[in-house]
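J.: So you can see what is in the structure, the chains are spelled out below.
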Amino acid sequence: MYINTHLHLDDPWLKGDQRRQEAIQDIDRNHIVTFAQSCSIESYKKILSYSTKSRFIFPSFGILPWYAHEYIDRTEEVVDLCEGAMMLGEVGLDERNAEDKACIPHQRPLFKIFLEAAENKNLLMNLHFRGTEEEGFNLLKSYNIKKAIFHSYSGSLELMDQITDQGYFYSVGLSSLFLNRMKNVRRDLFVEKVKNIPDDLLVLEIDELPTIEWFKMDFEVSSTLFPKIIKVIAEIRNSTPEEIESQCHKNVTKLIGKDPRLKNITKVLK
Amino acid sequence: MSDLWEKIRAIRQSWRDPKRLNVLLDEWERRFGDAYNQIAEELVAEHTRSTWAKLSSQKEATSLDALISILWEEWTEGEFNIERSETEVQIFCTKCPIADAYKSINKENYGILFHCSEDPFIVKGFNPKIKFKRTKTLMNADDCCDHYYYLE
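In order, the protein sequences belong to chains A and B.
Per this note's numbering, the very first residue in the first sequence carries number 1; after that it's consecutive.
Per this note's numbering, the very first residue in the second sequence carries number 271; after that it's consecutive.
Each hint should be verified, as a subset may be incorrect.
[What the hints assert, rightly or not] Result set (EDC-like, lysine to aspartate or glutamate): computed pairs, CA atoms no more than 20 Å apart in a straight line:
no.	chain 1	residue 1	chain 2	residue 2
1	A	LYS267	B	GLU388
2	A	LYS53	B	GLU276
3	A	LYS46	B	GLU316
4	A	LYS46	B	ASP304
5	A	LYS121	B	GLU316
6	B	LYS277	A	GLU83
7	A	LYS121	B	GLU297
8	A	LYS263	B	GLU276
9	A	LYS46	B	GLU312
10	A	LYS45	B	GLU312
11	A	LYS45	B	GLU353
12	A	LYS121	B	GLU388
13	B	LYS277	A	ASP80
14	A	LYS258	B	GLU353
15	A	LYS46	B	GLU388
16	A	LYS53	B	GLU312
17	B	LYS324	A	ASP17
18	A	LYS45	B	GLU276
19	A	LYS258	B	GLU276
20	A	LYS231	A	ASP200
21	A	LYS45	B	GLU388
22	A	LYS53	B	GLU353
23	B	LYS277	A	ASP200
24	A	LYS121	B	ASP304
25	B	LYS324	A	ASP200
26	A	LYS45	B	ASP304
27	A	LYS53	B	GLU358
28	A	LYS53	B	ASP296
29	A	LYS193	A	ASP165
30	B	LYS403	B	GLU330
31	B	LYS324	A	ASP28
32	A	LYS46	B	GLU297
33	A	LYS263	B	GLU297
34	A	LYS267	B	GLU276
35	A	LYS46	B	ASP335
The hints are simulated quantities; they were obtained by calculation from the structure and are not laboratory data.
Quantities reported herein were computed from a predicted structural model and do not represent experimental measurements.
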């Protein structure tokens with residue numbers, strides 16, 4: 001069973017209703033447990049709607065740090081939506097990739113709202129840190145966050161030791177299919193990081209289904225991407241695809257634990 | 271599937287058992303609160319629209335007559351009368367067990383949210399050329415629900 005801990009099903013990541021319908025049908029037909037991420041309140045509403053189409057799609061509430069400045073006057077709404085969310089994501093800190101730098105001063109206050117909610121309700125967090133991994137990690141510890149996934153971890157190898165000691169998870173996925181597009185240094189670092197993730201903290205993700213617009217690749221659905229991703233990760237980690245799939249299944253089961261908010265995920269995990 | 275949608279489905283299916291309905295609505299308030307009411311309304315609307323679009327397609331029926339037949343004439347639990355012409359149908363419903371259930375637990379606002387709000391979307395899904403108006407609802411303590419369907 002494939003478990004995708006990070007996928008975007010809404011626009012602009014997945015352009016067009018036809019592709020979306022195909023993506024959702026594929027998830028449903030192939031029983032791919034999918035944590036669908038949102039990047040804004042509007043995106044969350046869409047994700048909630050998509051989650052009614054398959055019992056394998058689980059909505060996550062988050063606002064990408066890039067859009068933090070759009071929520072200055074909507075903090076109460078964000079707090080209220082956190083209250084009812086199954087899990088939180090995609091949230092975090094990212095000054096490096098933010099196109100509109102106006103978001104930067106508002107990223108931390110927004111992220112702290114999510115941290116408070118996660119601390120109070122023991123919610124699972126799906127995290128996006130780019131160039132802010134150490135600060136983000138320290139914030140997680142200071143809020144006593146128990147369940148967190150570092151999505152496409154881009155920090156240093158040294159910091160990984162501390163993250164690992166804290167028991168936070170790492171999700172890896174689609175980037176592994178682009179090794180030949182990476183420059184040597186970046187590729188070596190990516191491989192080192194994937195090798196460095198302990199067996200019991202590794203989970204899988206796709207993030208964005210590839211399209212011509214985003215990756216100059218034909219559109220592909222989760223069920224055909226996963227075997228390719230797992231094969232590359234298995235090669236990097238000197239393992240087998242079966243072992244990787246089975247280990248990730250165990251890890252997600254452990255991550256979910258007995259969280260009553262995530263009981264519907266437990267039900268579909270065989 | 272989200273626990274939100276699971277809860278909405280459970281609430282919508284529980285009107286025959288007001289005691290259970292009351293428990294579920296209390297849980298709804300605790301677990302989700304007001305912030306999710308508008309989202310619930312949107313989810314119910316979309317679900318209703320797509321369900322009735324599918325039904326219309328399965329039955330290969332899009333006429334006003336077909337809609338009234340499926341929606342009203344096959345419904346045996348309410349009390350209503352139908353006034354019709356070729357292009358319009360006026361319903362006066364004077365008894366609705368769903369409204370009675372929500373009234374019995376003093377939670378009519380949720381009856382509107384989880385049930386009455388779907389009515390325009392039944393029509394939109396079945397045939398967008400059919401229009402719908404309603405000025406009164408039993409759930410809102412009016413003397414009847416005056417569903418009016420017409421072809422533009």
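J.: Against which earlier hints does the structure fall short, listed by number upward?
T.: The structure breaks hints 1, 5, 11, 12, 14, 22, 23, 25, 27, 28, 30, 32, 35; every other hint is satisfied.
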